[in-house]
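Given these sequences and hints, build the entire structure.
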Amino acid sequence: MAPETAHVKTIGFDVQGWLGHRAGQHVDVRLTAEDGYQAERSYSIASAPDGDRIELTVERLDDGEVSPYLTDELTPGDRIELRGPVGGYFVWEPAVGGPVLLVGGGSGVVPLMAMIRTRAADGGDAEMRLLLSSRSWDDVIYRDELAGLAGDWLTVAHTLTRSQPAGWTGYGRRVDAEMLTEVGPGPDARPQVYLCGPTPFVEAVAEALVSLGHEPHRIKTERFGPTGG
Amino acid sequence: MSFISRGFRGRPRSDADPSRLPPGQYLTTDYPVLSAGPTPHTPLDRWDFQIVGELAEPRRWTWDEFRALPSEEVVKDIHCVTKWSKFDTHWRGVSIDTLLDGVDTSAGYVVQYADGGYTTNLPLQDVTGGKAWVVYDSDGAPLAAEHGGPARMLVPHLYFWKSAKWVRGLRLQAEDEPGFWERNGYNNYGDPWREQRYWGD
Amino acid sequence: MDALMLDGNAVAGLLQEVFAVEMTTAVGTCDHCGRSEPIGAVRVFRGAGTVLRCPHCNNALVKIVKNETGIWIGLGGVRALKI
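Residue numbers (the working numbering), protein chains in the order written: chain P, 1 to 229; chain L, 1001 to 1201; chain W, 2001 to 2083.
Simulated from the structure, these hints should not be mistaken for lab results.
What you are looking at is a predicted structure, and each value in this text was computed from that prediction instead of being measured.
One or more hints might be untrue.
Counterexamples of contact, computed for chain P against chain L with all Cβ distances above 10 angstroms [what the hints assert, rightly or not]:
| no. | residue |
| --- | --- |
| 1 | Met-1 |
| 2 | Ala-2 |
| 3 | Asp-14 |
| 4 | Arg-79 |
| 5 | Glu-93 |
| 6 | Ala-95 |
| 7 | Ser-136 |
| 8 | Leu-146 |
| 9 | Leu-154 |
| 10 | Arg-174 |
| 11 | Gly-184 |
| 12 | Val-210 |
Computed beta-carbon distance windows for the label pairs [as the list claims (entries may be wrong)]:
| no. | chain 1 | residue 1 | chain 2 | residue 2 | range |
| --- | --- | --- | --- | --- | --- |
| 13 | L | Ile-1004 | P | Asp-50 | 21 to 31 angstroms |
| 14 | L | Gly-1140 | P | Gly-51 | 56 to 66 angstroms |
| 15 | P | Ala-121 | W | Val-2018 | 32 to 42 angstroms |
Glycine is no exception: its CB is placed at the ideal position from the N, C-alpha and C atoms.
This is the structure in structure tokens:
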């Protein structure tokens, strides 16, 4: 288990019989209380394929039913019930190639990070650009790892929507068409776009991308609900 | 096969007076938003409520006319088929008896229809005799759009899918006509005390 | 547009249980407007049951009701499904 930010934690699981997964897929976690009550939530797999180990990055929602259990209660040795990997639409693998535009809002970065980590591990030659929207610098998930990976095949651009640190020269507003144009790639490059985050974020950014001329069927979306999944 | 997740408690589930909680239900103090579709936003100057079908003259009220009808405060327990119950929910609205006052009909059934296309069906006798309302205030404030505003049905003796959000009218019919969920696995009647959730219950 | 609305990725696990194959890449054709989209791209709403709606015309494509013994899937709004 490792904290990512004050409210976000990455948890590693060894899954017996795990047959591997593709970047962008998720698992459905189901918890059962002693009286039989059950709650189920979906969590994107954060890690690149790695034998039978997977990592989930969970944002703890104060009024959440499942996330506080995962971040606060779960201890090494505990078992949880999960179904997966699930999903085939919101998936990137090296065969898809590039260029790739990844746009994430908050914890929407999780499946995008799996894609970045897969690219980092597997090589291939896809160029990736990540535009990540977070509330503040302290809320940026995977901040240091992204800085370390940024280089010839990965460009990372941040926008901080609520507060910016002193001396910040990056973006400080909601993602819009102008920002997307500056970050690129443009529609002429026909990038495969993966867009993930809360529904209002996804709707607004998808609309901006289409208005810039990106082909709708090359924009893949995954919406997270207020319950985090 | 599920196993107990050590230490998992889930959303606070209050201890309830068992005589008030139907079988298989949990008590909540939350107000979860559950919806079969996007929230409609009908402007009040275009809203109306109608009673159509098997009656001599269809009835229609504009929003202002509807708000001028005799209304009442109603406090009821409600039970959702997804297993959540909420006790002592407060509403204000118009009794269906008021809306049907003086109506002469041979209809045995009623279909509630709503903005967004949702429908649900009931025997007519389940919305008369003080059993059903069209409500527009919840907890003393105008009903929020996400909870069915400006007005929704309230039929508390049945599972809450039988109370259409964004209701716009009632169609009185001689024949029963399964609605949106009744066509797809949910019970045609929906009595929580007999746990009639699904087909075949 | 509702903040609670999700997309077909949210029902991927459920559909895979039923159809035994990955369904978010299956392409559904709306019976109302005739447009086609991958299931991963359709709108998902959670009410008494789950409803998949066409992102173009909002037609209810698929309804899903699940209980302990089985699942009812209504495909009434889908003209055709390519898997």
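Tested hints:
1. Met-1: Label holds. Min Cβ-Cβ 15 angstroms, cutoff 10 angstroms.
2. Ala-2: holds, 20 angstroms
3. Asp-14: Check passes; 16 angstroms lies beyond 10 angstroms.
4. Arg-79: Violated, since 7 angstroms does not exceed 10 angstroms.
5. Glu-93: holds, 32 angstroms
6. Ala-95: Nearest chain L Cβ is 36 angstroms from Ala-95/P, so the label holds.
7. Ser-136: holds, 28 angstroms
8. Leu-146: holds, 32 angstroms
9. Leu-154: holds, 37 angstroms
10. Arg-174: holds, 22 angstroms
11. Gly-184: Answer for Gly-184/P: holds, closest chain L Cβ roughly 33 angstroms.
12. Val-210: It holds; Val-210/P is separated from chain L by about 19 angstroms at its closest Cβ, greater than 10 angstroms.
13. Ile-1004/L <-> Asp-50/P: 21 to 31 angstroms: Holds: the Cβ-Cβ distance is about 29 angstroms, inside 21 to 31 angstroms.
14. Gly-1140/L <-> Gly-51/P: 56 to 66 angstroms: Holds, since Gly-1140/L and Gly-51/P (Cβ atoms, about 58 angstroms apart) stay within the stated range.
15. Ala-121/P <-> Val-2018/W: 32 to 42 angstroms: For Val-2018/W against Ala-121/P, whose Cβ atoms are near 33 angstroms apart, the range 32 to 42 angstroms holds.
When the structure is compared with the earlier hints, a violation turns up for hint 4 alone.
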